[in-house]
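Novice: These are the residues of each chain, in order.
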Amino acid sequence: MPASGPAQAHGPRLAGDLAIWFFILAELLAFGVFFAAYAFARAKNIELFAAEQAALNRNAGALNTVLLLTASYFVVRAVQAAEAEASRQCANWLGGAILTGFGFVVVKLTEYAAAFEHNISLSSSTFHMFYLSLTFFHFMHVILGLVILIAMWNGARQGRYRPGDMNGLETGAAYWHMVDLVWLILFPLVYVIH
Amino acid sequence: MQYKSQAVAMPYFIAAIGLFVGQIIFGLILGLQYVVGDFLFPEIPFNVARMVHTNLLIVWLLFGFMGAAYYLIPEETETELFSPKLALAMFWIFLVAGALTIVGYLLVPYSTLASMTGNDILATMGREFLEQPLLTKIGIVIVALAFLFNITMTVLKGRKTVISIVLLLGLWGLAIFFLFSFYNPVNLVRDKFYWWWVVHLWVEGVWELIMAAMLAFVLIKVTGVDREVIEKWLYVIITLALVTGIIGTGHHYFWIGTPEYWQWWGSIFSALEPIPFFAMTVFAFNMVNRRRREHPNKAAVLWALGTGVMAFLGAGVWGFLHTLAPVNYFTHGSQITAAHGHMAFYGAYVMVVLTTISYAMPILRGRAANSEKAQVLEMWAFWLMTIAMVFITLFLTAAGILQVWLQRVSDTPMSFMATQDQLMLFYWMREWAGVMFFVGLLVYLASFFVKGEAKAVAARG
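Line order of the protein sequences matches chains A and B. To convert, note that position 142 of the first sequence is 142 in my numbering; the numbers rise steadily by one, no gaps. Quick note, my numbering runs 1000 ahead of the 1-based positions in the second sequence.
Only chain B is shown next, with the shape it has when bound in the complex:
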């Protein structure tokens, strides 16, 4: 590793992977609850398990983003981190706050948690993905501000590259849009309207900048392609992401009580949202084809290419499937949405974090790349998890098509619960695909502990 302070990334990555395991375990519980309704009831009801599954995902991705930023910013800016101590302190605060929140979800009823944590002072709880107690939300803001201060000060005193500026822009956007989680209007339309400013403008806006910057960083390192070429691509990708993604928020405004023009705006702009993801795929393959060196870390290259493909499929193609208002009229909130959500989050954000970890972790552990044996195992994990996710997505899509047909299209529409009974076969298959994903994850964990001839000691990086 080139800069000593990059080492603070390590605990962030380890925590990210640990929480990832927790997220998948709760995913398996949820998948089973779809078919065995009273599994673990009343200890862990479905709504609690779902909250833990989605909240853990967001938190571990945030750990991943922060770790990635702490790793790549010193190298990009060619200077030590402004304050490694602050970074480490924030790590523990974030981890403890996150763990307490999850424990709170699991141990006390949600309403009790709300009254314990000051929800009557400022009501922010009870909204999907933003379920965190007020105290946790304030904690997130403090951690985010300290993190941004640390990163921004580092960039200010060092070399300014396009990658670090795009990353910074994305991270600042992430923090600023999170502030809308404190705004909870009584009017349900307004509530939903601004709720999407956090949820949509994160994953289809500023997170795309973070993702593009992380991917670009790893690609520069593993391919040795000129920074200039990669930066140009970065400009094109982020412009496309913002132009399509910001007004694309409209695809969430079709049926919540907003004016009708959102159906046109949302459909048109979000129909174009696959373009930046497609550009990212072309970008990744193009850079690897033009590589000027054979980097010993083959696994990281595989993850980088996989990110391009899976993000395009999950976010781009599966998003487009149900983004046009006339289609969404039928598919809204069905298993089609779940299919898209799973593959998009995995393909775009899970994979880009794993790409960065795959590249950075060996270096943080004092070698350019892991042993052949460890890499082969990691690549097995890549394929197991990725193929499992493809199956999860396909089974949920099949369930979704059947659901939409039985419940909303058919001449004799069935009720929601009666329809669910007809989907059991697909839910079972999804659960088995989930087990396969978990096996892939275990293989991934094992790859960190495999010994063997390490590839060349990282000569200053």
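This is chain A alone, in the form it adopts within the complex:
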């Protein structure tokens, strides 16, 4: 890949804006505290957690994992395309990421619909509280991530990102990868590990 911008001559360059990395660290800390609270609550209530976890739709969770990973891959390709001065492809890859991201939203919504049909609520049990809170908190991040992806898609179509001027694209990409990363911990933790 061609070196992008003069900054690279002076050693490794931070991809994206410094501010987004502060923000990502704060987000990871927030999810981290939430995960720790989950572990703490689960340790006191292993049977309940195991039983209710088994009732979750693991296939939907797995499908969503695939969708998010695919979206992240598309975002990586979009960044690479922009670095190769191919704005058109960059926009197309971002379009793909947006579609797969929306796929996640649809799967999640059907999962929520099924849960509400079974009278699962924030107050129905501690496990359900964590399941709904954690996944919904993450869900809101996916929504925000999609808004950012759409803004970037728009920017890419106008040819805004090019070598040496990648800050906006990389910043948004870093945020999206964070959303993906959190799900990669959330999914096994809440749906699988027992």
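The set of hints was computed from the structure by calculation and includes no laboratory data. Yeah, the Cβ is synthetic: ideal placement off N, Cα and C, and Gly gets one too. Just to be clear, a hint being listed does not mean it is correct.
Computed beta-carbon distance windows for the label pairs [as the list claims (entries may be wrong)]: (1) B:E1228 - A:L25: 20 to 30 Å; (2) A:L18 - B:G1333: 38 to 48 Å; (3) B:A1368 - A:F40: 47 to 57 Å; (4) A:K44 - B:M1436: 44 to 54 Å.
In silico negatives: residues of chain A with every beta carbon more than 10 Å from chain B [stated by the list, open to error]: (5) A37; (6) A60; (7) L189.
Where chain B lies over chain A, by a calculated footprint (3+ residues, C-beta under 8 Å) [claimed, not checked]: (8) 24-36; (9) 121-133; (10) 173-183.
Position chain B against the provided structure of chain A, taking the given hints into account.
Specialist: This is chain B only, laid out in the frame that chain A set:
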């Protein structure tokens, strides 16, 4: 000063400082009533003094915020204020309404005040911090709307900066959440639930935006650091403040009858509330270290740095101390809360207003900075008040730990009043720290009247 209309900030700042003095005098009365129970009884009972102490605090901070907005908005938007006359009219309305309310608290029994002011038409009185009579509350809304109209119109016709937009967002939020003070459901759980929408979403939500904007403005002026850098920090700080602060409201919903999940939500999100305050501290020190100029107003720089540190300690650390539900189960409503309340309000909001006054007042009086002598005195006041507040906080924390132990943890728990008797030593020490604070405040007042060689006439600002 760059814009003539900035001058309307001056009466707001003077009123703020005047009411601040009143607040501290009532603080001293209250502190003494803790140890000498019948002091000034029946003329000024404890509940009335407390109401005056807390209401004066809120009102003078509002004066400070409004003054700060009138000062910084013209400079940020690079245009004169939409209507300086409206700003001045609102000043007098707010001052007179505020003074009448305090006089009402002091002269007539609270229930008489309630029946005199139409509380039977719409009952809004009797709730902590929102004790104001209906008429005063309506007055506050009118003043706030006129103020917001004035500021918003100014921003609309001028340059739009991140600082002015964040400030505007905070001020609009302040006005909108105040409307919940008119909603007073019969159900006590609902009552408390929405009461916090005013109290918590003010101080741990929208006020943080106002504070960050004010701090950022002063830091740009005294350090000369690029606006771009400061704006980026501002974005990060306000996002963190809102993400943690809004759901963090849950730390008030642990024991009021709301569903149990609030214990988790409140604990988790409010545990993260120190982060934006920590970011503000790092921000202030970082900007001062990267300064591109030596501003002659050293006192303002000291106040700005002090705000960062004390807000983090008072709001962040002392808030975290008792924010987790399992801890709060024991500490709820004890002197630990009072310790946190004192240092958080002083560190975050009192100090940010004093920072802005420290920077703006000399300029409003026609000089870039006060004389060396006046600044030295102001810095003495800074240290006296700040150290006194640290002591007040530590003594109240000690009292709180002892209180929680004797009353709630011990195998043979004592009654509330019997416990209070055991805390007298700490209450006395707190009162003496309060006297030290008052001395600091007097030194602060004196610093405005010290003459001496003024630093360079403010060349257009």
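Novice: Regarding L18 (chain A) and G1333 (chain B), is the given constraint of 38 to 48 Å on their beta-carbon distance met?
Specialist: holds (42 Å)
Novice: Tell me if chain B covers the region 121-133 of chain A under the three-residue, 8 Å CB rule, please?
Specialist: holds (count 5)
Novice: Honestly, do A1368 (chain B) and F40 (chain A) meet the 47 to 57 Å range at C-beta?
Specialist: holds (55 Å)
Novice: Verify this for me: three or more residues of the region 173-183 of chain A with a beta carbon less than 8 Å from a beta carbon of chain B.
Specialist: violated (count 0)
Novice: Would the non-interface assignment of A37 (chain A) survive a Cβ cutoff of 10 Å against chain B?
Specialist: Check fails; 6 Å does not lie beyond 10 Å.
Novice: If I take the minimum Cβ distance from A60 (chain A) to any residue of chain B, is it greater than 10 Å?
Specialist: The claim stands: A60 (chain A) keeps its Cβ more than 10 Å from every Cβ of chain B (closest is about 23 Å).
Novice: Can we trust that L189 (chain A) is non-interface, i.e. its beta-carbon lies farther than 10 Å from all of chain B?
Specialist: Fine: 15 Å to the nearest Cβ keeps L189 (chain A) off the interface.
Novice: Check whether three or more residues of the region 24-36 of chain A sit with their beta carbon closer than 8 Å to a beta carbon of chain B.
Specialist: With 5 residues close enough to chain B, the hint holds.
Novice: For E1228 (chain B) and L25 (chain A), compare the CB-CB distance with the range 20 to 30 Å and indicate the outcome.
Specialist: About 21 Å separates the Cβ atoms of E1228 (chain B) and L25 (chain A), which means 20 to 30 Å holds.
Novice: Given the hint of 44 to 54 Å, check if K44 (chain A) and M1436 (chain B) actually sit that far apart at their C-beta atoms.
Specialist: Taking Cβ atoms as reference, K44 (chain A) and M1436 (chain B) lie about 47 Å apart, which means the hint holds.
Violated hints, in rising order: 5, 10; the structure is consistent with all others.
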